[in-house]
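Last residue of the sequence shown? That's 234 in the numbering used here, and every number before it is there in order.
Simulated from the structure, these hints should not be mistaken for lab results.
For clarity, every value in this text was computed on a predicted model and none was experimentally measured.
Any given hint could turn out to be false.
Pairwise CB distance ranges, derived in the manner of DEER restraints [stated by the list, open to error]:
no.: 1; residue 1: E15; residue 2: D74; range: 44 to 52 Å
no.: 2; residue 1: K73; residue 2: R148; range: 20 to 28 Å
no.: 3; residue 1: I134; residue 2: E114; range: 24 to 32 Å
no.: 4; residue 1: R144; residue 2: T107; range: 49 to 57 Å
no.: 5; residue 1: V200; residue 2: T141; range: 42 to 50 Å
no.: 6; residue 1: K108; residue 2: T220; range: 38 to 46 Å
no.: 7; residue 1: R144; residue 2: A87; range: 29 to 37 Å
Here are the computed lysine to any residue pairs in the SDA-like style, where the Cα-Cα straight-line distance is at most 20 Å [claimed, not checked]:
no.: 8; residue 1: K207; residue 2: R124
no.: 9; residue 1: K108; residue 2: L98
no.: 10; residue 1: K108; residue 2: K207
For every residue, glycine included, the Cβ atom is placed at its ideal position computed from N, Cα and C.
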Amino acid sequence: MSIQVLVIEDEEALQGLLEYNLQKEGYKVAIEGDGGEALTAVAEHSPDIILLDWMLPNKNGIDICRALRKDPKTSKIPIIMITARAEEEDKLRGLDYGADDYITKPFSISEVIARIRAVLRRVNPSIAGDIASFGDITLDREQMRVRRGDRTIDLGPTEFRLFEVLIQRPGRVYSREQLLDRVWGQEVYVENRTVDVHVGRLRKALNQSGDNDPIRTVRAAGYALDETYQS
């Protein structure tokens, strides 16, 4: 699984609890504890979903949520608010400012994981499900298999993970650094050039029958599946 969760929460104990349990479920997790740095963290990690605390130092969760929804680059990222505020009026206020769901402290980890899955299924089924499709290309996470039309695409594990990241959000440009983080992990040192090599191998495998190339290179930015591609 290559789903990136950004936890914006200032309580260290809760940070550790969420990070440990979400990673155990297969999610990639980034942590930010300062509300004033939240938007920078979103730009850096390009998350698939955000767990956002209401009360944060330097900038509160409502203002962060409002700013994310106003920016076209982040407006579609699902947000789950996490807060000690339990009043109905406060919940509605959070939802009015663009939150997709709301969890009240104290909560169980199983509830958080269930809410994440539910929001992802609702907002972006291709991320949460076993099958993701783009044009005539289908990726099966359970069987670790990619097909294009009626033929099976032979991919190595790295190319499979790379394509899994790209197919989650067609049209979204991933920088080389973001792809390194998603595919190889933050703990592994790999040069940016390695991404280009594996994208080249992925392209060769996908297009070996003379098909249209669905991967777009964005100069000085990175790679994306081209939304204008038609099979």
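For each hint, the structure was consulted:
E15 and D74 have their C-beta atoms about 28 Å apart, which leaves the hinted 44 to 52 Å range violated. For the hinted restraint 20 to 28 Å between K73 and R148, the CB-CB distance of approximately 40 Å leaves it violated. The hinted range of 24 to 32 Å is satisfied by I134 and E114, whose Cβ atoms lie roughly 26 Å apart. Range check, R144 to T107: about 32 Å between beta-carbon atoms, so the 49 to 57 Å window is missed.
For V200 and T141, the Cβ-Cβ distance of about 25 Å falls outside the hinted range of 42 to 50 Å, so the restraint is violated. Roughly 44 Å separates the CB atoms of K108 and T220, a value that falls within the hinted 38 to 46 Å. Here the CB-CB span from R144 to A87 is close to 36 Å, well matched to the stated 29 to 37 Å. With a C-alpha separation of about 31 Å, the suggested pairing of K207 with R124 is violated against the 20 Å cut-off.
With a C-alpha separation of about 17 Å, the suggested pair K108 and L98 falls inside the 20 Å cut-off, and the hint holds. Of the supplied pair hints, the one linking K108 and K207 is violated, its CA atoms being roughly 49 Å apart against a limit of 20 Å.
Hint check: violations occur at hints 1, 2, 4, 5, 8 and 10; the rest are consistent with the structure.
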